[in-house]
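J.: Which chain is which? The protein sequence lines are P and V, in order. For the record, in the first sequence the residue sitting at position 19 is 101 according to our numbering, with numbers rising by one throughout. For the record, in the second sequence the residue sitting at position 200 is 205 according to our numbering, with numbers rising by one throughout.
The calculated SDA-like cross-link candidates involving lysine to any residue, where the alpha carbons are at most 20 Å apart (straight line), are: (1) V/K295 - V/W308; (2) P/K160 - V/G433; (3) P/K211 - P/L221; (4) P/K116 - P/V304; (5) P/K153 - P/H238; (6) P/K102 - V/R248; (7) P/K160 - P/E184; (8) P/K160 - V/T436; (9) P/K153 - V/G433; (10) P/K102 - P/D144; (11) P/K211 - P/P175; (12) P/K160 - V/S422; (13) V/K295 - V/T119; (14) P/K116 - P/M156; (15) P/K160 - V/M440; (16) P/K160 - V/E424; (17) P/K211 - P/S222; (18) P/K160 - P/E188; (19) V/K295 - V/P307; (20) P/K160 - P/R192.
Simulated from the structure, these hints should not be mistaken for laboratory data.
Listed below are the residues making up each chain.
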Amino acid sequence: MAPDGISLSGVGKTFSGRGKVVEALRDITLSCPKGSFTAIIGPSGCGKSTVMRIALGLETPDTGAVRIAGKAPMGAAKAGETGVAFQDAALLPWRSVRRNVEVPLEVLGRPIAQARDHIQHMIELVGLKGFENALPGELSGGMRQRVAIARALVTHPQILFMDEPFGALDQILRRQMNLELQRIWTETGSTALLVTHGIDEAVFLADRVVVMHANPGRIVDVIDVGFDRPRAPGLFSDPAFHRVCDHVAEVLHGG
Amino acid sequence: MAADASGPWRGLRNTAILLLIWEVLGRLDLVAGGALPGISEILIRLWIDWGDYPRHIGATLYASSMGFLIGNALGIGAGVLFALSPTALRLFRGVNIAVFALPPIAIAPILVLTLSGMAPRIALAALGVYFVTMTATVIGLSQADSRATDVIRAYGGTRWEILRRVQFRGALPSILAGLRVAAPNAVLGAILAEFGGGGRWGLGAYLLGSLGRGEPDRLWGIGLVATLIAGLSYGLFAFLAARMVGSTRAVTLNTAVPDAAPRSGHPLGRIALTLGTIALPFLVWWAFIKATGVPDLISKTPWGVVEYLFLGPTAESAQPRLLAALAETLPITFLGMAAGLGFAFLLAISSRLFPRAIEAFMPVALVTQTMPLVALTPLLVLILGRGPSLTLWVTISVTFFPAFVTLAQGLALVPRSAEDVPRAYGAGRWTEMRMVTIPASLPYLFAATRLTVPRALLGVMIAEWLATGKGLGNLLNQSRGFLDYGMIWTVAAVSVLLSVLFYQAVVIVERRVLRRLGMATAE
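So here's chain P without its partners, still in its complex pose (with noise of 0.2 Å):
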């Protein structure tokens, strides 16, 4: 159906720990088209996370087919084609910012000299310009993210998977990044699929929201956000914006 973007068919997990079996995904079927901009939005312990761990080929799902820009996860991960940044910031203690985005090309096995530019303008980009020496240990949590972000964004990922990238921001920095984040992903044209606990994150930036429930993890509704592109930093006082949140928050809620 979307042999370039995201699709997940059938997708359940069950997890079993001190003899306890949890069914954390039940029959998760979800599909992003190429370009698109997903936000998966739910209560904590609903699986979110899980989905995307299972889309990055981190976890195998028990049932069902994933297929990431018509391969399956790994391949597509090995071919170059994901990003990704962590709830964790999970930078290397021992790294310089710079060296800690420079990460996946190493992975990878692509050349660092040539990168050198492009490394510098994606730190530039999430604002840590004169911070390229710095170890994690010397940023903020802030700081941090943002390095995580610009490690995301370093291989000009095809597929762009984000689990709460700017949970440790604060609001007027959250804003600001998500202002970013619409201009970067508008620019490379890539499958976004963001995880996040902020409505107005989730309304603001994506074309679709999916809103999962927990106990199991499920997907109770897709909401289509239809709002034109770019989206101004004004659409956030929008009445019409704040419809679709309250929309939102009434499904997440159980309405």
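With chain P fixed as given, assemble chain V onto it according to the hints.
T.: The following block gives chain V in isolation, referenced to the frame of chain P:
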């Protein structure tokens, strides 16, 4: 069928194959003209000798368990104190390093001279345990996730509250890993003291009595029994640790830069602290001699050693003997240590890359490595002869075990999220290892190096004492025979000082490297 046999079955199968090879080699006298008897010959001999064993085992078990209890009580108590008070840690640094660095073989004759009965054995077993447990406690307590301690502090938690709620629980795997290494150490300590101290009962005494009689099957029997005791004590704590480590593994990588070493305000205070650190071990030495009340002729105070080596009429003959011994001992110590560490590092890394291959190799490694060194050496003498290759192998085997345990533990603690990033880009095991696991294990590599410095010296000295007739170990043994008390104390003091110097050198390099990488020292 065999291909998909699960863990324990494969282990059993591999062990059976090894035993079979051993039996064939032994029965046909293929190794060093019968130095390695078949396993059945050893067991038959063990059966015949069985009447002798209970009292020997009883004596060794008594001394090592008393030493284990006392050493651990002191070690954990001191570890908590040091974790709470950096000043105490600094002040006792000299004593700790000295306790850690003293090669038991050098101390055994001294303890026998100054204490009586079972006391030397218990003391040596406790000394072997104290440092390992103390360090493990401090490491465990100080490496607690600073984010978790921040949570407690944010709710107004006191230092004790942090210790109780976060640090103790977080330190458990580390302490258990410490006990795991300490348990065979206690057995080794007790046997060493039996070996160097006379007395009728104990596996060490039994071994010594059987050494001259050229009966490989009996020596192997005693070695097996000693190994079994040490191995069981290791296995007990390995089992406990395995049950607890899973649930205390950090889920994310802590990126907080370690606090700079706290400096006491006044420069005079700092100088006083440093002087105290250096003086305290000598003070303890002096107090120990005064407390035991042994005459000056036999027991030498620090000043007594200086007099013997530099000032008295003995100086002229003592100095060249000591220098000649050092020239023989030091090079082979370095070589053995480098080889042992390298081997441990490779094996620890491979245990992540090829878990199944290592799983099969592990029982063999554990058995050979929990074998108390003194029991192992006579057997190695039978196989390797009395040349330098014996010294080298003893040294490698004695450094390898603790280094491997330290490293494997370090690698097991690498957080999941750090590995997720390379994996999300399709990194293979090797790339993940190179980028995350190896750098993250650096603090443990340094800790392992520090841990093995004195062990290497111990290994060399034991081999020299028992077999090769060279170097410091031999000098110590000879001086015992000649009742040259001055030289006994001198060799003991010099070997401890040497260990301390090596150790300090490693610490300096470690601090520089880790500080640059923004990592915490595993102390």
